[in-house]
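Engineer: So the chains spell out like this:
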Amino acid sequence: MHALRGVDLDIAEGEFFALLGPNGAGKTTLISLLAGLARPSAGSAAVMGHDVVRDYRLARRSLGVVPQELVYDAFFTVREMLRFQSGYYGLHRNDAWIDELLENLSLADKADAYTRTLSGGMKRRLLVAQALVHKPPVIVLDEPTAGVDVELRQSLWAFIRRLNREGHTILLTTHYLEEAEELCERVAMLKEGRIVALDRTVNLLRREDEQRLELVLSSTLLPENLDARVVGHDGNRFVLALPDYAELEGILAELRRNGIRIERMQLRQADLEEVFIKLVGQGA
Amino acid sequence: MSGFGTLFRKEIIRFGKVAMQTVLAPVLTALLYLLIFSHVLAAHVEVYPGVGYTAFLMPGLIMMSILQNAFANSSSSLIQSKQSGSIVFILLPPLAHFEFFSAYLLAAIVRGIVVGAGVLVVGLFFADLNLARPLWVVAFALLASAAFGALGIMAGIWADKYDHLAGVQNFIIMPLTFLSGVFYSIHSLPAFWQGMSHYNPVFYMIDGFRYGFHGQSDVSPWLSLAAVTPVTLLLGGLALRLIQTGYKLRH
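In order, the protein sequence lines correspond to chains A and B. Sequential numbering of the first sequence, starting at 753, is according to our numbering. Sequential numbering of the second sequence, starting at 5, is according to our numbering.
Hints are computed from structural coordinates only; laboratory data are not their basis. Keep in mind that a hint or two might mislead.
[Said to hold, decoys possible] When the alpha-carbon atoms are kept at most 25 Å apart in a straight line, the in silico DSS-like pairs for lysine-lysine are as follows:
# : chain 1 : residue 1 : chain 2 : residue 2
1 : A       : Lys875    : B       : Lys21
2 : B       : Lys252    : B       : Lys86
3 : B       : Lys21     : A       : Lys862
4 : B       : Lys21     : B       : Lys165
5 : A       : Lys875    : B       : Lys86
6 : A       : Lys943    : A       : Lys862
7 : A       : Lys875    : A       : Lys862
8 : B       : Lys252    : B       : Lys165
Using the sequences and the accompanying hints, generate a full structural model.
Structural biologist: Given below as structure tokens:
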């Protein structure tokens, strides 16, 4: 069993990079290799030029990882956790930065709360804070916004963007493709341990440069001769490919002929989700 | 060694926060043994001339508490962090293998000795205890707690669930300690079991420790030292090796 096969990936300093793929594609395995939580059976990986096996201490010092699992140590408070985490990196007077982290992650009023009393979203943000205590040049976020509500998600991303502007390299995995589309300059898509696409986000989107026709219909069935165009379908909501605006007229006529009423209609560009589904296959 | 200090401190605070369970409970357990056994046997048994049974029993109970608690500290801390997943917080930072090892080991030694000292202090209300050779007391307390702390590290890394740890505790640690002369001199055993006891490293830990208090023991303290030291080094080396290889900690 190999979770990853022939992955050759270079992320430049200062990049905001997304790693996408369905469950089991190997995203977390790749991150575990970088973080030293797993060891490669073949091949190598390096963080800021430090080999993760040979120079493990320098590699780990350069890396801050927000793990996917919502883990916490029930024995300690938020501030205790952050002080311990600082100490593991040799930072013994780190309270100014810890306070700044708590402030930016909306945890300031929870500094003295025991971690077990935090909500899921707060635990997630504490994990982010723990990953950042040593101001690592490379920050890895494995599904960081799962379970975090929309408003806090925005402030979290604002903070991560600021870190990116200040020169931190960000590597992100997410299920929310719109986040990757909005935030990341480059994207790699993984499928069954292989990279199926690796390009600048704008290029990936341009690859799918045809228009999308989004329809909400009075019927959950389309006329048969429109089936070939369907790229997305959910109940009575359909997304059709539209390579040429001129074809719009024919589609509308076909619907009318079958007595199907249009409740809502929208024309738009393909988004990353559609590129993603096309490249990694349905069921992603 | 900057990370070592923090990890060591964290481990001390961890058991300090649940001192009721990690310090007071084992002291009470030892006290109950002391009360019951000394009540039943004090009138009948004099193991060494001039040493009452309660005074004879105390070093054995203290050492038993040291061993069990040193083991419990490293093993339960590790399995708890493994089960909750919070072990990543110490796997991600750049802690050297030796820092990881020595922080857990030293915290186990401290817990063992704190509980042992607690048993000693409480026991002094029930029996007068000499400190004939205090250096031997210190040497055996350190060597024995280090050996069982290292054993606890190995068990904590190996175990996938609490049941595995309970197995080690009940099927290895308990028989080794109970059959080592905590409650009796091995000279009172039939020849076969007397011979068997000489293969039990815990026998030497207790016998050497007892010598430090009473100046009398079943075998020479030098022999005990020669038996215990390599055991401690071996267990420590194995535990460090497990951490270096990443066994069950890094895939």
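Engineer: Run every hint past the structure and note whether it holds.
Structural biologist: Against the structure, the hints come out as follows:
Taken as a hint, the lysine 875/A and lysine 21/B pair is honoured in the structure, with Cα atoms around 21 Å apart against an allowance of 25 Å. With a CA separation close to 10 Å, the supplied pair lysine 252/B and lysine 86/B stays within the 25 Å bound. Taking the CA atoms of lysine 21/B and lysine 862/A, the gap is about 20 Å. The hint holds against a cut of 25 Å. Taking the CA atoms of lysine 21/B and lysine 165/B, the gap is near 23 Å; set against the 25 Å cutoff, the hint holds.
For the proposed pair lysine 875/A and lysine 86/B, the alpha carbon gap of about 18 Å is at most 25 Å, so the pair holds. About 40 Å separates the Cα atoms of lysine 943/A and lysine 862/A, which puts this hinted pair outside 25 Å; it is violated. Between the alpha carbons of lysine 875/A and lysine 862/A the distance comes to roughly 11 Å, so the proposed pair stays at or under 25 Å and holds. Distance hint between lysine 252/B and lysine 165/B is fulfilled; the C-alpha atoms sit about 13 Å from each other, no more than 25 Å.
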